[in-house]
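Peer 1: Residue numbers (my numbering), protein chains in the order written: chain A, 1 to 314; chain B, 315 to 573.
It should be emphasised that the hints constitute simulated quantities derived from the structure, not laboratory data.
Note that this is a predicted model, so its numbers are computed, not measured.
Don't take every hint at face value.
[Stated by the list, open to error] According to the in silico footprint, chain A covers these stretches of chain B (three or more CB under 8 Å from chain A):
1) 371-381
2) 516-523
[Stated by the list, open to error] Here are the in silico distance ranges between beta carbons for each label pair:
3) B:Gln484 with A:Gln187: 53 to 59 Å
4) B:Asp383 with A:Asn311: 39 to 45 Å
5) B:Val553 with A:Asp233: 29 to 35 Å
6) A:Glu164 with B:Ala548: 29 to 35 Å
7) A:Asp39 with B:Glu336: 39 to 45 Å
8) A:Asp219 with B:Lys528: 50 to 56 Å
9) B:Ala532 with A:Ala119: 22 to 28 Å
10) A:Ser167 with B:Ala548: 51 to 57 Å
11) A:Lys312 with B:Glu336: 56 to 62 Å
[What the hints assert, rightly or not] In silico lysine-lysine, BS3-like type, Cα no more than 30 Å apart, as pairs:
12) B:Lys332 with A:Lys16
13) A:Lys312 with B:Lys554
14) A:Lys178 with B:Lys571
15) B:Lys517 with A:Lys17
16) B:Lys571 with B:Lys364
17) B:Lys332 with A:Lys312
18) B:Lys395 with A:Lys274
19) B:Lys528 with A:Lys105
20) A:Lys139 with B:Lys517
21) A:Lys139 with B:Lys400
22) A:Lys178 with B:Lys332
23) A:Lys175 with B:Lys562
24) A:Lys274 with A:Lys175
25) B:Lys571 with B:Lys554
26) B:Lys380 with A:Lys175
27) B:Lys554 with A:Lys77
28) A:Lys274 with B:Lys562
29) B:Lys528 with A:Lys312
30) B:Lys504 with B:Lys382
31) A:Lys281 with B:Lys517
32) B:Lys366 with A:Lys178
33) B:Lys571 with A:Lys16
34) A:Lys175 with B:Lys528
35) B:Lys469 with A:Lys105
36) B:Lys504 with A:Lys281
37) B:Lys494 with A:Lys175
38) A:Lys281 with B:Lys364
39) B:Lys511 with A:Lys281
40) A:Lys314 with B:Lys504
Think of the CB as a built atom: it goes at the ideal place given N, C-alpha and C, for glycine as much as any other residue.
In case you want the letters, here they are:
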Amino acid sequence: MAEVLVLVDHVDGEVKKVTTELLTAARRIGEPAAVWVGDGAEKGKAALAEFGAEKVYVAPAELNDYVVAPTAELLAKLAQDQGAAAVLVSATNSNKEIAGRAAVKLGSGVLTDVVDVTADVVTEHSIFGGATVTHGRVKAGVPVVAIRPNSVVPEAVSGAAAEESVSLDISDAAKGAKVVERVVVEQGERPELTEAAVVVSGGRGVGEGRFGVVEELADSLGAAVGASRAVVDSGWYPNQFQVGQTGKTVSPNLYVALGISGAIQHRAGMQTAKNIIAVNKDPEAPIFELADFGVVGDLHSVTPQLTEEINKRK
Amino acid sequence: MNIVVLVKQVPDTATERKLNEEDNTLDRAASDGVINELDEYAVEEALQLKEKHGGEVTVLTMGPDKAKDTIRKALSMGADKALWVKDEALHGSDALQTAYTLSKALGSIEYDVVVLGSESTDARTGVLGAALAEYLGAPQLTLAGKVDVDGSAIKVQRQTDYGHDVVEAQLPAVVSVVEKINEPRYPSFKLIMQAKKKPMEEKTAADLGIEADKIGLANATTETVDFAAAPPRAAGTIVKDEGDGGSKAADFLAEKKFV
Ligand SMILES: Cc1cc2nc3c(=O)[nH]c(=O)nc-3n(C[C@H](O)[C@H](O)[C@H](O)COP(=O)(O)OP(=O)(O)OC[C@H]3O[C@@H](n4cnc5c(N)ncnc54)[C@H](O)[C@@H]3O)c2cc1C
Ligand SMILES: Nc1ncnc2c1ncn2[C@@H]1O[C@H](COP(=O)(O)O)[C@@H](O)[C@H]1O
């Protein structure tokens, strides 16, 4: 069976959930082979084995000293050498860029923001802010596919996870953009936004300096906190928490929108959530068109009551 | 400094967007065409670079007849001239073919910095800047929230999932910008009038030495197999808060086994 390369997302040796989802999807297509860039593979290998990785290719951390191009070279080289059936990455901004460059190198094609994939690598997409569902495929060569987190239900099955170190002579062109500093904003204890099973987001209706009400509800549910662009633009909450077209795309089991109107650009980032709750004082707010459960009212009275009820019922 | 800004015409997000029944491509006739909102930030950044470092701003677009309005819009914001790749044969080109075509167009002019948006609101692939850098063999400085040029050196803050990276390169380089970077200006009446007289050069694929088998729907690297309207979400339960809205929401969560 042909190998399916899966680019591993990890933080200090901790494998992200999305990688277990990609390994699960890869098993439909062929034999999953994880591609690990950087340190920590020793520690992360167990998680990869648990989700069926037969191989783990480990490449040096030096690849991350430059913007995406070296990792694209690595994936293209491995795909060629191994005659891979497909290359799968998570649909983060950086990984989409890696996917694009790898596809150019392979002379194949790239499909991004995929929400499902079949054994024949036919992909499903949700476009136009969720209004239309399309299916796509790469016409020739090794398909390179970027899959949204929380799109595939991870299923454990054991794999050999045989480690194989790979070296790469990074081309001069790929060394053009050098990363000279990495600034990491404290994540805190909450789950990562794109990976979280539950996301609680606040919009302009929350008001300046009043995000505590959003955070308290999030914590009662073990959820990640998100924000609309209006909130981020006003400087009420940091940039990397923005949900929407130009922020992050989330597909949690539950999305709670507090004081968010539901503009199309916001919906583009959350409409694939399985359950949606909205609290808004305007009964005409478009977010209610999506909501499975909506409360028309002041979020500053509804939300604390909800948080208290959840904490009581635990 | 020679600055090139890439702009794309997209269907207005506020209208109902459609695909063509015949070939599953974007139905450009169905909606009003507007400049991709994120490209306004790219134009603004290009103009700010010119204001700081001198030189010229060239608008580059690939698109059909309708795209003229979008070129005009960029010119009326203050860009100096335009290069328009226009060819029936380009219909149905996908993101990689578009990147290839734009790389060939860039090969026909002088440039130090290419500025583009981080994503288009219709295709939303977010791969164009990366693929373009790959074709050009130029440094990829994408997702920039801040750009500084000093002589032949360029430095950007690249927005990442965890914060940002500081990235350095030598010109020429490809820079995509995120919407946090600036506040796009409104065209003044005077500039709108001037824009009508600014040079707009049209080129076909053949003019740029692009092989016919590299572009268009028939040679696309990907295809849309089918499409359908998303199944409507089942109508939800909407209640008015009468002092018990929070506990009703908690009941819903309990029913769905979230608590
Ligand atoms: C190119 C582009 C990209 C964009 N990308 C994004 C994106 O990634 N993410 C994003 O979110 N937006 C994005 N936007 C912006 C989007 O169009 C909206 O402007 C934005 O989502 C509005 O945020 P909001 O819902 O918080 O604010 P508003 O639209 O102002 O809505 C606030 C809501 O709060 C309600 N409210 C007020 N007070 C209360 C209260 N006490 N209790 C309950 N409800 C209350 C109001 O009724 C209202 O519905 C983008 C726009 C463009 C042009
Ligand atoms: N046909 C085009 N002509 C010029 N620029 C384009 C074209 N398509 C995309 N771009 C640029 O590439 C950016 C990203 O587009 P995309 O990768 O399609 O999401 C856009 O914001 C534009 O700046």
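Peer 1: Please verify whether A:Lys281 and B:Lys517 have alpha carbons no more than 30 Å apart.
Peer 2: violated, 53 Å
Peer 1: Against the range 53 to 59 Å, how does the distance between the Cβ atoms of B:Gln484 and A:Gln187 compare: consistent or not?
Peer 2: About 34 Å separates the Cβ atoms of B:Gln484 and A:Gln187, which means 53 to 59 Å is violated.
Peer 1: Below or equal to 30 Å on CA atoms is what counts here, so check B:Lys469 against A:Lys105.
Peer 2: holds, 26 Å
Peer 1: May I ask you to test the hint 56 to 62 Å on the CB atoms belonging to A:Lys312 and B:Glu336?
Peer 2: Hint holds: Cβ distance 58 Å, inside 56 to 62 Å.
Peer 1: Given the hinted pair B:Lys528 and A:Lys105, is their Cα-Cα distance within 30 Å?
Peer 2: holds, 15 Å
Peer 1: CA of B:Lys494 to CA of A:Lys175, is that 30 Å or under?
Peer 2: Holds, at about 27 Å.
Peer 1: Tell me if the straight-line CA distance from A:Lys175 to B:Lys528 falls inside 30 Å.
Peer 2: Between A:Lys175 and B:Lys528 the Cα gap is close to 28 Å, so the pair holds against 30 Å.
Peer 1: Need the status of pair B:Lys554, A:Lys77: alpha-carbon distance at most 30 Å?
Peer 2: Violated. B:Lys554 to A:Lys77 sits at ~59 Å, over the 30 Å cutoff.
Peer 1: Under the criterion that the straight-line Cα-Cα distance not exceed 30 Å, is the pair B:Lys380, A:Lys175 satisfied?
Peer 2: Outside the cut-off at roughly 39 Å; violated.
Peer 1: Tell me if the straight-line CA distance from B:Lys332 to A:Lys16 falls inside 30 Å.
Peer 2: Violated, at about 36 Å.
Peer 1: B:Lys504 and A:Lys281 were given as a pair; does the straight-line alpha-carbon distance stay at or below 30 Å?
Peer 2: violated, 43 Å
Peer 1: Tell me if chain A covers the region 516-523 of chain B under the three-residue, 8 Å CB rule, please?
Peer 2: Three-residue rule not met by the region 516-523 of chain B, so violated; n is 0.
The structure shown violates the earlier hints numbered 1, 2, 3, 4, 6, 7, 12, 14, 15, 16, 17, 18, 22, 23, 24, 26, 27, 29, 31, 36, 38, 39 and 40.
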